[in-house]
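Given these sequences and hints, build the entire structure.
Protein chains: 2
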Amino acid sequence: MQGNDASDIIEHHVEEEMEKKGTRSHAASSSSSFPGSVTPSDRDGHSGTQSSHRLLAYSDALISIIATVMILPVAHTKLRESVQLLLTTKIAVYLMTFLIVTVAWAAHILFQVIVRIDDCLALLNLACMMLITFLPYTFSLMATFPENVLGILLFCGCVMVIGIIQSVIVLYAFSRPFLLNEQVQISENQTFYKHHILKVIMRVPLMCFLASIFSFIFFQLSYVLLAVVIFLPYISQSLKWCRSKAIQVEESPDSVLFYSYLPNEPLSKDRVEAFSDGVYAIVATLLILDIEDNVPDPTVVQKQFGGSLTAALQAYGPEYLAYFGSFVTVGLLWFVHHSLFLHVTKVTRFMGLLNTFSLAFVGGLPLAYQLTQEFQENSHNELEAIQISCVIIFFAGIFQLAMWVVALYNEQETLHPYVRYGGREHVFMLAKLSLYPCVALGTFFLTCILSMFSAPIFHLMEITVPFAFLVLRLLVRVGLALLRLIFCPERPDPRSVIEQEDDEVTVPFNALIT
Amino acid sequence: MQGNDASDIIEHHVEEEMEKKGTRSHAASSSSSFPGSVTPSDRDGHSGTQSSHRLLAYSDALISIIATVMILPVAHTKLRESVQLLLTTKIAVYLMTFLIVTVAWAAHILFQVIVRIDDCLALLNLACMMLITFLPYTFSLMATFPENVLGILLFCGCVMVIGIIQSVIVLYAFSRPFLLNEQVQISENQTFYKHHILKVIMRVPLMCFLASIFSFIFFQLSYVLLAVVIFLPYISQSLKWCRSKAIQVEESPDSVLFYSYLPNEPLSKDRVEAFSDGVYAIVATLLILDIEDNVPDPTVVQKQFGGSLTAALQAYGPEYLAYFGSFVTVGLLWFVHHSLFLHVTKVTRFMGLLNTFSLAFVGGLPLAYQLTQEFQENSHNELEAIQISCVIIFFAGIFQLAMWVVALYNEQETLHPYVRYGGREHVFMLAKLSLYPCVALGTFFLTCILSMFSAPIFHLMEITVPFAFLVLRLLVRVGLALLRLIFCPERPDPRSVIEQEDDEVTVPFNALIT
Chain C
1 MQGNDASDII EHHVEEEMEK KGTRSHAASS SSSFPGSVTP SDRDGHSGTQ
51 SSHRLLAYSD ALISIIATVM ILPVAHTKLR ESVQLLLTTK IAVYLMTFLI
101 VTVAWAAHIL FQVIVRIDDC LALLNLACMM LITFLPYTFS LMATFPENVL
151 GILLFCGCVM VIGIIQSVIV LYAFSRPFLL NEQVQISENQ TFYKHHILKV
201 IMRVPLMCFL ASIFSFIFFQ LSYVLLAVVI FLPYISQSLK WCRSKAIQVE
251 ESPDSVLFYS YLPNEPLSKD RVEAFSDGVY AIVATLLILD IEDNVPDPTV
301 VQKQFGGSLT AALQAYGPEY LAYFGSFVTV GLLWFVHHSL FLHVTKVTRF
351 MGLLNTFSLA FVGGLPLAYQ LTQEFQENSH NELEAIQISC VIIFFAGIFQ
401 LAMWVVALYN EQETLHPYVR YGGREHVFML AKLSLYPCVA LGTFFLTCIL
451 SMFSAPIFHL MEITVPFAFL VLRLLVRVGL ALLRLIFCPE RPDPRSVIEQ
501 EDDEVTVPFN ALIT
Chain D
1 MQGNDASDII EHHVEEEMEK KGTRSHAASS SSSFPGSVTP SDRDGHSGTQ
51 SSHRLLAYSD ALISIIATVM ILPVAHTKLR ESVQLLLTTK IAVYLMTFLI
101 VTVAWAAHIL FQVIVRIDDC LALLNLACMM LITFLPYTFS LMATFPENVL
151 GILLFCGCVM VIGIIQSVIV LYAFSRPFLL NEQVQISENQ TFYKHHILKV
201 IMRVPLMCFL ASIFSFIFFQ LSYVLLAVVI FLPYISQSLK WCRSKAIQVE
251 ESPDSVLFYS YLPNEPLSKD RVEAFSDGVY AIVATLLILD IEDNVPDPTV
301 VQKQFGGSLT AALQAYGPEY LAYFGSFVTV GLLWFVHHSL FLHVTKVTRF
351 MGLLNTFSLA FVGGLPLAYQ LTQEFQENSH NELEAIQISC VIIFFAGIFQ
401 LAMWVVALYN EQETLHPYVR YGGREHVFML AKLSLYPCVA LGTFFLTCIL
451 SMFSAPIFHL MEITVPFAFL VLRLLVRVGL ALLRLIFCPE RPDPRSVIEQ
501 EDDEVTVPFN ALIT
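Protein chains in written order, with UniProt numbering: chain C, 1 to 514; chain D, 1 to 514.
In short, the hints are calculated from the structure, not lab data. Heads up, a few of these hints could be off.
Label pairs and their computed distance ranges (CB to CB) [claimed, not checked]:
hint	chain 1	residue 1	chain 2	residue 2	range
1	D	ILE449	C	ARG203	37 to 43 angstroms
2	D	GLN183	C	PRO466	30 to 36 angstroms
3	D	LEU321	C	GLU188	56 to 62 angstroms
4	D	LEU171	C	TYR409	38 to 44 angstroms
The beta-carbon is built from N, C-alpha and C at its ideal position, and this holds for glycine as well.
Shown next as structure tokens:
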């Protein structure tokens, strides 16, 4: 390897890289007889074990779909009366489900300790997944029949069974230590790890057990307990974060090493990315899921439009616009998310929380876009629908911006070294992140003032934003040059001039070679 | 690194591992000032470029959702008359869309040559994705109005615009060589690469252009052309495969190296896995997407069931069963797929084709399970629905088995070294792969004979299969031991005895340490 003569930092980093690839690196370094690969039989007698990497990716995909599914009942609500009706039960159910499923996803962290799986663990995990996909339904029951304890009981039953299955997974894995992370495997505190993980896993099922008992006595208390379950991890983590920022605790490197594999530590960046990708992908295609409704019936075309398919399709015009608008917005928000996470090395719990909030609003986007085409033009409802869309876009964007601010705030642990020193990349990143919130805010206030032209303003916004992203890099460069010209016109920065010259020179130079 | 003193093979393998992580390894090996990471500014003047890894993963997720979406119109068809009606247009549309989208996915291979992206490429790719998600709709139009040319025109228009965007991506990337794969970058044949890729990309759009012209003259010919577009890559590849097997061409290592980055070469294993995961995940959750239909209306509960929610929910019993049956079957088929791909190092085009067929049948599973609960018990339709389910499961499983057989057939290039020598892992893999086809076939014939008990037989099958997977390893071991006992009772294999002893000894030994 070319990294042989490099510094310790590189070695450490490369090792981290390979850590992420699951046990491939372990296999490569521990047994030289079968070079670097997922070898089910690389340790004698332990045949049939596999890296947990793909299992985790599949689970993440399942969970991200389930998290966004509850927006569908909201979207399918046919309301011709007022948008305000939407802002009641169904949206609350959607947000709650999203948060619950995200808690379940974050709790599913045990496969960071268990890096190798065998068939038994894979099947247990699938059982666990099936129960998680059932959670939105129980929650939907609770929302429809708040007075009935059946919803609470079903929900708590699911959570308890999930907890039991997860405990079985942990006990099974610790009884076969070759399945564990190498660091846990060689640790002397294996029993401590086991007990700690079991404690973390069983916390939520125990609270659900209490909730299910209280549901027979005084069911309002059960709801309080469930709310605590959902919000507690976030509240405790944000409190912890605030406290650590206030007191500036100096953690010794030992304790960091010791705790780095415990479940309440920062989320794995790969998993956050995979989960976010899943949510963005399903949200982007949510409107096309109703595709069959947009194909007109042949008899209707014959009768109403005299056989002219073009005329029949024109009736669906607004729906195409809604689909494209929603897809473009989700796609661009994914693009911003992608750019942001390129600079991030580690996702703290607080950043994870902000990411969840951002994703929850992204999930509402297709709904908002669908609303904008459902009402008569220039009606009060259309204005409301457009303003709700703007608000949703604004919050989806502003939480992304907040993530960047939080990452900058503790840049030592969260950002790549090369972005820590600021410069043009920083400005560019900020411009990217603030484009959507600014545009959404601008559109919102414009539609308030010029309420007659709300629809044209909104559609103009939809069309211009993608182009704004295309020319953003140019704009930022021009803006910076202008700023430099205004504030220090006498001393042009020599470095940046060289850089820009480089830019111009490199391309033709390379083109000449080819 | 611990691999320092190991053989060349390991080093080569580790480098391959890192290759997969995109440019992280490039950054680590080429510029030691910024240790191993995706560094937007690791080459001066090229700030703002990024690894294309996550973009590709997101695109794969989008495409896999779109491929399976067309099963929804089939599933939502309300037919009380006969199952046979289903087997007409809508299933054909579903299968066609699946194949078309898979062709689009396979053609989206250009990001194997372009390993670094900048903002412009990311946005162009998103535009491309949006058009791909629109393809199922145009296809649906074609199926509903086969005589109208509008469907053909829309479809061809989309494909042509996709082709133009892809060409722009290629031209843009080749004008900035630092975005390209290192191997292409240092190659002297860069222009040849460019022209070859452009040729491959523009083939399909050109045929669509022809189809759109013919649609005005003689539109039946357009359909023929489109069918050619869909099947040609598969037919040509399978013909090529058959020929290469028949003639046994000895390819020189040079030509392999030369062609390994050309788009018509074997698919990337990572991408096949990601695409399959996406399809399995969306199919597993497809039935829960209709979740809102299964929450009873409060007024109905009050009137019809006297306020008893439990009684109201019992009416949905068969639907829960359908959901769990479908989830379990899809989950276990994923599990088999996962086990299979652990042994595979490279996916040939023919294996990719078999995988696509298997996935297409998997996509039909939720529909089949929904059918089984839609008809009256012991009716002729119920029997038909159950038999269709068995047929779908059988084909989904048999194509997986075929993939394994094809992989074994050219094991030199497709399998890990340690599985080439057969043994217990082989037998176990075969048992896993043949479990579902065998069970489905058995259920099919049992329901033919005992048509009165078709539903109980089917539900018994659903319940036993997961347990069969759990005890499969044990069964295979017992079966092998029995075979050994029967055929060579005098000479027990000493190696396996030691291995089994090891198994028993290891666990308590490790437990003692902790």
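Hint check results:
Remark: the range hint 37 to 43 angstroms for ILE449 of chain D to ARG203 of chain C is contradicted by a beta-carbon distance near 53 angstroms. A hinted range of 30 to 36 angstroms holds for the C-beta pair GLN183 of chain D and PRO466 of chain C, which are about 33 angstroms apart. The supplied range of 56 to 62 angstroms is broken by LEU321 of chain D and GLU188 of chain C, whose beta-carbon atoms lie about 49 angstroms from each other. A beta carbon spacing of about 42 angstroms between LEU171 of chain D and TYR409 of chain C agrees with the range 38 to 44 angstroms that was offered as a hint.
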